[in-house]
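I would like the entire structure built from these sequences, with the hints used as guidance.
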Amino acid sequence: MPLDFAQQTGSVLDALALDRVDEHRFLGRAHTGPAGRSFGGEVAGQAVLAAGLTVPADRRVHSAHCYFLRPGDTTVRTEFEVEQVRDGAAFSTRRVDARQHGRTIFTMTASFHRDEPGLEHQAAELGGPGPEDLPAPATTFADNAENLAWAQYLSRALGTELRFPMLPARALAALGRTGEPHQAVWARSRQPVPDGALERAACPPT
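So the sequence shown is numbered by numbering that gives the first Met the number 0: it starts at 0 and just counts up by one.
Derived by calculation from the structure, the hints in this document are not laboratory data. Remember, it's a predicted structure, so these values are computed and weren't measured experimentally. Don't take each hint at face value.
Said to hold, decoys possible - Label-pair restraints from in silico Cβ distances:
#, residue 1, residue 2, range
1, L174, R19, 45 to 51 Å
2, Q121, P164, 17 to 23 Å
3, E22, A144, 45 to 51 Å
For glycine and all other residues, C-beta sits at the position ideal for the given N, C-alpha and C.
See below:
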(Lines of atoms letter the chains of each structure in order from A; the text may use other names.)
(Lines give C-alpha, C1' and ligand atoms only; values in the text may rest on other atoms or scores of the structure.)
Protein backbone atom coordinates (compact mmCIF):
# COMPACT_ATOMS: atom_id res chain seq x y z
CA MET A 0 0.00 0.00 0.00
CA PRO A 1 1.17 3.58 -0.59
CA LEU A 2 2.56 5.36 2.45
CA ASP A 3 -0.10 7.42 4.24
CA PHE A 4 1.55 10.82 3.96
CA ALA A 5 1.56 10.49 0.17
CA GLN A 6 -2.21 10.09 0.12
CA GLN A 7 -3.07 13.64 1.13
CA THR A 8 -5.28 15.10 -1.57
CA GLY A 9 -3.54 17.95 -3.32
CA SER A 10 -0.27 17.38 -1.46
CA VAL A 11 2.97 18.28 -3.19
CA LEU A 12 4.11 14.82 -2.14
CA ASP A 13 1.66 13.08 -4.47
CA ALA A 14 4.40 12.99 -7.10
CA LEU A 15 6.84 11.51 -4.55
CA ALA A 16 4.56 8.70 -3.34
CA LEU A 17 6.32 5.46 -2.45
CA ASP A 18 5.08 1.90 -1.99
CA ARG A 19 6.97 0.02 0.70
CA VAL A 20 8.07 -3.44 -0.43
CA ASP A 21 9.95 -4.44 2.71
CA GLU A 22 12.00 -2.82 5.46
CA HIS A 23 14.61 -1.38 3.12
CA ARG A 24 13.02 -1.42 -0.35
CA PHE A 25 10.51 1.03 -1.84
CA LEU A 26 8.90 1.59 -5.24
CA GLY A 27 8.20 4.96 -6.82
CA ARG A 28 5.30 5.23 -9.21
CA ALA A 29 5.40 5.56 -12.98
CA HIS A 30 3.88 8.69 -14.49
CA THR A 31 0.89 8.81 -16.78
CA GLY A 32 1.22 10.61 -20.09
CA PRO A 33 3.96 10.63 -22.71
CA ALA A 34 7.38 9.14 -22.00
CA GLY A 35 10.11 11.46 -20.80
CA ARG A 36 13.09 11.80 -18.50
CA SER A 37 12.49 11.80 -14.76
CA PHE A 38 12.93 15.12 -12.95
CA GLY A 39 16.08 14.80 -10.84
CA GLY A 40 14.56 16.56 -7.84
CA GLU A 41 11.74 14.03 -7.75
CA VAL A 42 14.12 11.06 -7.67
CA ALA A 43 16.24 12.75 -4.99
CA GLY A 44 13.15 13.54 -2.93
CA GLN A 45 11.97 9.94 -3.09
CA ALA A 46 15.43 8.79 -2.00
CA VAL A 47 15.32 11.12 1.01
CA LEU A 48 11.88 9.75 1.94
CA ALA A 49 13.02 6.16 1.58
CA ALA A 50 16.12 6.73 3.71
CA GLY A 51 14.23 8.70 6.35
CA LEU A 52 11.70 5.92 6.81
CA THR A 53 14.47 3.58 7.97
CA VAL A 54 15.98 5.78 10.70
CA PRO A 55 14.75 6.55 14.24
CA ALA A 56 11.91 9.08 14.20
CA ASP A 57 13.86 11.70 16.18
CA ARG A 58 16.56 12.10 13.49
CA ARG A 59 16.41 14.62 10.67
CA VAL A 60 18.35 14.63 7.44
CA HIS A 61 21.07 17.29 7.54
CA SER A 62 23.33 16.19 4.69
CA ALA A 63 22.71 14.42 1.38
CA HIS A 64 25.16 13.80 -1.46
CA CYS A 65 23.38 12.86 -4.69
CA TYR A 66 24.79 11.46 -7.93
CA PHE A 67 22.66 11.28 -11.06
CA LEU A 68 24.16 8.42 -13.07
CA ARG A 69 21.67 7.81 -15.89
CA PRO A 70 18.48 9.43 -17.20
CA GLY A 71 15.34 8.17 -15.49
CA ASP A 72 12.36 6.80 -17.44
CA THR A 73 8.99 8.25 -16.38
CA THR A 74 7.05 5.28 -17.81
CA VAL A 75 8.43 2.67 -15.39
CA ARG A 76 8.57 2.39 -11.63
CA THR A 77 11.78 3.18 -9.76
CA GLU A 78 13.10 0.81 -7.12
CA PHE A 79 14.81 2.40 -4.12
CA GLU A 80 17.04 0.18 -2.01
CA VAL A 81 18.29 1.56 1.31
CA GLU A 82 21.51 0.34 2.91
CA GLN A 83 21.70 0.83 6.68
CA VAL A 84 25.32 1.97 6.83
CA ARG A 85 25.43 2.95 10.51
CA ASP A 86 23.28 3.97 13.46
CA GLY A 87 25.19 5.76 16.22
CA ALA A 88 24.15 7.53 19.40
CA ALA A 89 23.17 10.72 17.54
CA PHE A 90 23.78 10.08 13.84
CA SER A 91 22.44 7.63 11.25
CA THR A 92 23.96 7.13 7.81
CA ARG A 93 22.09 5.67 4.85
CA ARG A 94 22.96 4.89 1.25
CA VAL A 95 20.16 4.74 -1.32
CA ASP A 96 20.38 3.29 -4.84
CA ALA A 97 17.58 3.98 -7.34
CA ARG A 98 17.21 1.46 -10.17
CA GLN A 99 15.24 1.10 -13.39
CA HIS A 100 15.53 -1.64 -16.00
CA GLY A 101 18.02 -3.40 -13.72
CA ARG A 102 20.48 -0.48 -13.80
CA THR A 103 21.34 2.11 -11.15
CA ILE A 104 20.24 5.58 -12.27
CA PHE A 105 20.90 7.47 -9.02
CA THR A 106 22.74 7.02 -5.74
CA MET A 107 22.69 9.05 -2.54
CA THR A 108 24.50 9.04 0.79
CA ALA A 109 22.59 10.83 3.55
CA SER A 110 23.26 11.59 7.20
CA PHE A 111 20.51 12.02 9.81
CA HIS A 112 21.06 13.69 13.17
CA ARG A 113 19.17 13.78 16.45
CA ASP A 114 18.40 17.37 17.49
CA GLU A 115 20.93 18.69 20.02
CA PRO A 116 21.81 22.16 21.33
CA GLY A 117 24.62 23.72 19.32
CA LEU A 118 25.74 26.34 16.85
CA GLU A 119 23.15 27.39 14.28
CA HIS A 120 23.82 29.29 11.05
CA GLN A 121 22.30 29.87 7.64
CA ALA A 122 23.03 31.64 4.38
CA ALA A 123 22.15 35.30 4.14
CA GLU A 124 18.75 36.16 2.70
CA LEU A 125 18.69 36.54 -1.06
CA GLY A 126 19.08 40.19 -2.02
CA GLY A 127 17.08 41.93 -4.70
CA PRO A 128 13.34 42.05 -5.35
CA GLY A 129 10.93 39.66 -3.70
CA PRO A 130 8.63 37.36 -5.69
CA GLU A 131 5.67 39.75 -5.45
CA ASP A 132 7.71 42.42 -7.25
CA LEU A 133 8.77 40.21 -10.16
CA PRO A 134 6.86 39.49 -13.38
CA ALA A 135 5.44 36.10 -14.25
CA PRO A 136 7.47 33.88 -16.63
CA ALA A 137 5.13 34.81 -19.50
CA THR A 138 6.50 38.35 -19.22
CA THR A 139 10.10 37.44 -18.37
CA PHE A 140 10.39 35.18 -21.42
CA ALA A 141 7.98 37.03 -23.71
CA ASP A 142 10.62 37.22 -26.46
CA ASN A 143 11.88 33.65 -26.09
CA ALA A 144 9.34 30.91 -26.79
CA GLU A 145 11.75 28.06 -26.01
CA ASN A 146 12.61 29.33 -22.54
CA LEU A 147 8.99 30.22 -21.83
CA ALA A 148 8.03 26.62 -22.66
CA TRP A 149 10.83 25.42 -20.35
CA ALA A 150 9.63 27.60 -17.46
CA GLN A 151 6.02 26.50 -17.99
CA TYR A 152 7.09 22.85 -18.04
CA LEU A 153 9.00 23.26 -14.77
CA SER A 154 6.03 25.01 -13.20
CA ARG A 155 3.67 22.19 -14.18
CA ALA A 156 6.09 19.39 -13.27
CA LEU A 157 6.86 20.84 -9.83
CA GLY A 158 3.41 22.26 -9.12
CA THR A 159 5.01 25.62 -8.35
CA GLU A 160 4.80 29.29 -9.20
CA LEU A 161 8.17 30.56 -10.44
CA ARG A 162 9.73 34.03 -10.47
CA PHE A 163 13.21 34.84 -11.78
CA PRO A 164 15.20 37.67 -10.10
CA MET A 165 17.81 37.19 -12.83
CA LEU A 166 17.69 35.54 -16.22
CA PRO A 167 18.76 31.87 -15.98
CA ALA A 168 21.86 30.75 -17.87
CA ARG A 169 19.86 29.07 -20.63
CA ALA A 170 17.95 32.29 -21.32
CA LEU A 171 21.18 34.32 -21.45
CA ALA A 172 22.69 31.77 -23.83
CA ALA A 173 19.72 32.16 -26.15
CA LEU A 174 20.52 35.88 -26.27
CA GLY A 175 24.21 35.26 -26.91
CA ARG A 176 25.15 36.62 -23.49
CA THR A 177 26.98 35.34 -20.43
CA GLY A 178 26.15 36.10 -16.83
CA GLU A 179 27.20 35.52 -13.25
CA PRO A 180 28.29 31.97 -12.28
CA HIS A 181 25.12 31.45 -10.25
CA GLN A 182 21.36 31.47 -10.72
CA ALA A 183 18.42 32.49 -8.58
CA VAL A 184 14.76 31.58 -8.68
CA TRP A 185 11.80 32.00 -6.35
CA ALA A 186 9.58 28.91 -6.22
CA ARG A 187 6.36 28.49 -4.25
CA SER A 188 4.16 25.42 -4.18
CA ARG A 189 0.61 25.79 -5.45
CA GLN A 190 -0.42 22.91 -3.21
CA PRO A 191 -0.39 22.32 0.56
CA VAL A 192 3.00 21.26 1.92
CA PRO A 193 3.04 18.78 4.84
CA ASP A 194 4.27 19.82 8.27
CA GLY A 195 6.56 16.83 8.89
CA ALA A 196 10.31 17.52 8.77
CA LEU A 197 11.04 14.46 6.61
CA GLU A 198 8.29 15.24 4.13
CA ARG A 199 9.39 18.87 3.84
CA ALA A 200 13.01 17.82 3.30
CA ALA A 201 11.89 15.55 0.46
CA CYS A 202 9.92 18.20 -1.40
CA PRO A 203 11.30 19.74 -4.58
CA PRO A 204 11.55 23.57 -4.41
CA THR A 205 8.49 24.87 -2.55
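Checked hints:
As the Cβ distance of L174 to R19 is approximately 48 Å, the hint placing it in 45 to 51 Å holds. The beta-carbon spacing between Q121 and P164, approximately 19 Å, falls within the hinted interval of 17 to 23 Å. The supplied range of 45 to 51 Å is met by E22 and A144, whose beta-carbon atoms lie about 49 Å from each other.
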